[in-house]
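Starting from the structure of chain A, add chain B where the hints point.
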Amino acid sequence: MSDEKKVADIIRDEHNAEEHHTPGTMTLVLALLASFAVYYFANWKALADTWHVR
Amino acid sequence: MSTTLPLSGAAEATGFATGNHRPGELRSCDTTGLPVCLNAQWFIRINAVMAVVFLLVGGIASILLALTRAPTIHLLSAEWYYRVLTLHGLNMLIFWILFLEVAILYFTATSLLNSRLASKGVAWASFGQMLVGALMVNAMILTGNSDVLMTSYVPLKGHPLFYLGIILVATGTLTGVGNFFATLYVAKRDRTYNGSVPLVVFGATAAAIIAVVTLLHGAIVMIPTFLWSMGILETIDAAWYRLIWWGLGHQSQQVNVCAMVSVWYLLATITTGAKPINQAVCRAAFVLYVLFINIASAHHLLVDPGVGAGWKIWNTSYAMYLAVLASMIHGFTVPASVEVAMRKKGHTNGLFGWLFAAPWSNPGFSAFFMSLVIFGFLGGITGVTLGTQQINIIAHNTLRIPGHFHTTVVGGTTLAFMGLTYYVVPLLFQKEFYARALCRIQPYVFAGGVTLMAVAMTFAGSYGVPRRHWDVEFAGAQVSAGFDASAHLWLGLMGVGGTIAFVGLLMFILLVVSAVFFGKSNAGRAMTAW
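Keeping their order, the protein sequence lines are chains A and B.
Using this note's numbering, read the first sequence as starting at 1 and increasing by one per residue.
Using this note's numbering, read the second sequence as starting at 1001 and increasing by one per residue.
For reference, chain B alone in the conformation it holds in the complex:
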């Protein structure tokens, strides 16, 4: 349902200042009361659809990998293991996340600030670059032209189109981020909102700032590597590559963290009516991310001979903790805001009456809260420990590392984004989900599988099992090597957990695809409540 200027629906009713939307480019959401810019809605939709497509590609890769690392199955050949590992990393860590993040930026800048999207043309340019780039990268991987893993450490050399694809994804994302900043400017100029921007917009802005720094690192490292792959440059310094690449590789995950925390705040509000308990503290925590989270990338180089101990220890044992402090602040303020909201509703029994009474059958809530717990208890604790220089020496390049980041990126970010999708589809695609009972259990299946897989990886890594390794038994080696039964037990459990997580992921994709393409329209009325 579209309205024409002046905004006649929710915005005025809820007290927002009149927006700057053009005639025919606005509707009001019948569920949330938020204004929806129709141009932004279109780009949110296509970015979200492509995000889910790349999630499926990465998900298929993930089950193949899990069943290869499980020793009794050992599914793929060595060649295809590394090929699929490259595919998995780039689709899950980069394409699925970045497409959805661009969608989140467009939503926060337009709906929460009651503004029009700054430019449709720029949004198309962003989407086109990202899509072409991602397709180029996947084509180069699947044709066997770039078996270089996600890090593509030199002197491993991929096809020039592989690097060009990554550059296009980066410039496309940067273009989308630019459109986000332009929308913030337009909203401020046209006074579409009163006072400070909402916390979710503040968090998204912090994510966008980190994204700019991240993508500049990407340009600095990938453009010379692209030229090197074409033979124009003779060599690339391997130590320099590693240093700058992690400015791209790790910081891109910090963009995810920032966006995930913003999604936590948003879902807490949507599902329980929570509001941030302290604006200044929450915003200061986002500023800590912007200032210090880039330094955290140093922990990837803790055993790298190319950088000194002083640099490593300062960056990871001092400065990095200021970014950790930010996560700890959010880890307190988000559940606290839910507790305050639930106690206000009368759920005041004991310490955890509010938590037991929370809407656990709402997939938006269950996904968000489990994301918070998995990210904090598993991802946070293991991350800070592994980021300590001295301890890192016994864990580096073991399965403990992917055990850690699967709890942050998958159990944390992906699960939170899945929770958000249970509102994006009915509110922005205006389609209702089928099989709502399956929707309610999907976050539990996925979270359970990821947790089992990540814990098993962590324990297997504690036995010394290396990461990124096709055959830890070294079959056919001239000297005996390999691991005992305990490590094999954990590798088997990793396969079981990975399979359960894959089932949860398939459920998610089927539910989303069936709703988006075949779901009943809810246009003109509120979405069916979870």
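Looking at chain A on its own, in the form it has when it is part of the complex:
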């Protein structure tokens, strides 16, 4: 449980927008996109190897 504020306070206050700095999350998201690109390409390659178009 967060020590600083009670959950009820945070939920009441959630509409107040603030500045954000999230470089770690951005890195995780880019890792996800890179993983997707590799997996997606590998599957198209597997399809091409399985089902030749002449």
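There may be inaccurate statements among the hints.
Straight line, CA to CA, 25 Å or less: simulated SDA-like cross-link-like pairs of lysine to any residue [stated by the list, open to error]:
hint	chain 1	residue 1	chain 2	residue 2
1	B	Lys1120	B	Val1049
2	B	Lys1188	B	Val1281
3	A	Lys45	B	Asn1397
4	B	Lys1520	B	Gly1024
5	A	Lys45	B	Trp1314
6	B	Lys1312	A	His52
7	B	Lys1312	A	Asp9
Because the hints were derived from the structure by calculation, they are not lab data.
Structure of chain B alone, referenced to chain A:
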């Protein structure tokens, strides 16, 4: 600890508007400061208990299946394999999830909006229908009267009570969803909250809307099938059945996704003090779910000859991606909200100092964050790929498909719901967990087992191993068939992963049952912090 009107505890102290609770029907939570409607608390408790009971039934089925698909063990006979597979699918995908989702809807509508539950009678009607329906379905399966798998594709025919049971579970859930909407109305009418509803309530509402569409599909397909099983209707069109059934079968999983994302936001707040980083974007993502996620059900029919290529490609390669976009938005905003909260607390070292400093020994946090990673990295990537019409042709009906959905429904939804339970028990049952060290490692055991099992399924499927198949070696067949040693290695690892996941699941059930029935009460004080 109950208080009488007007609300004298947390709600006023935290600035919520005075609620609409009746005398003696309210207490304030000493840990979160949230108001707790005692009627809602009772129904949250009984729905959660039944959810865990059905999780146990489905879990026992899961270890039997894993040890049957592992070739060196091959535990069950063919007859019992398909019977237990039917039991596993319905208990894990439908009963465990739906009972807990009804509990989540009641919690969000009452505690987060400071409202009373709209109707106790309706809540009983919902619970009664769901329970009777689920028991009927399980009885029909275990007595060998409905070996039709979860999809029950016609012309496979189950016992009429099997279909009636599913209809009762659906109508019961719909009744509970109706009670949720009625509670939203009552809260709005009585002005129990200020401004917009919290994001978690917004997400739960999106889940409830999708549930209505889902359950209407269920009624459309299951009522005629029920009549057919009794001999009143002569035939059911098989292609029509498949099309409409997936409006039930897939969308019910999208209700799970929506509820899971809401649980992510809730657990991020409870465990790290995070708050959503952008309300408009997060809410827009939930709206994308409501508008487009139903179309995603088309990907189950990508090799179905009954529908055309244009329909398949439009639904799965265009419209479905708008729902995927919603998941990607949540996949960014949830960890970002945690990062912002942790950096605010001073954990600013490097790119990932905030992540290393996160409360990993808190099972609520570890379960939620691993759920997010497993759902996104494994479930999301494989799901989008398998949902591509051209690629689906090399993967359809192989073990890659259950490999994918075990990372979304089990590694994602079930793990997130387990994390939530580590707060539901102390906050709503007001009981403390025993063996807290075991509680801390349980999410890791379960997540590790599920991940190994799902990855092994995916690789075995890549070798062409079919899903839903008792004997992939075709023992006794007149022509030689089967798979090489590589596929067997992955099937063996699937058995190992399934066993580890089962151990994690048993740990969870034992910890929850011991806490709920024998745990020390924390009524009148804050829960022991994780």
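We went through each hint and held it up to the structure:
Among the hinted pairs, Lys1120(B) with Val1049(B) is consistent with the structure: their alpha-carbon atoms are about 18 Å apart, no more than 25 Å. For the given pair, Lys1188(B) sits about 23 Å from Val1281(B) by alpha-carbon distance, which is consistent with the 25 Å threshold. A C-alpha spacing of about 20 Å is found between Lys45(A) and Asn1397(B), which places the hinted pair at or below 25 Å, so the restraint holds. Simply put, Lys1520(B) and Gly1024(B) have alpha-carbon atoms about 24 Å apart, close enough for the 25 Å limit, and the pair holds.
This hinted pair checks out: Lys45(A) and Trp1314(B) have alpha carbons roughly 23 Å apart, not beyond 25 Å. A hinted pair counts as satisfied when its Cα atoms are at most 25 Å apart, and Lys1312(B) with His52(A) qualifies at roughly 22 Å. This hinted pair does not check out: Lys1312(B) and Asp9(A) have alpha carbons roughly 47 Å apart, beyond 25 Å.
The structure fails hint 7 only (numbered hints given earlier).
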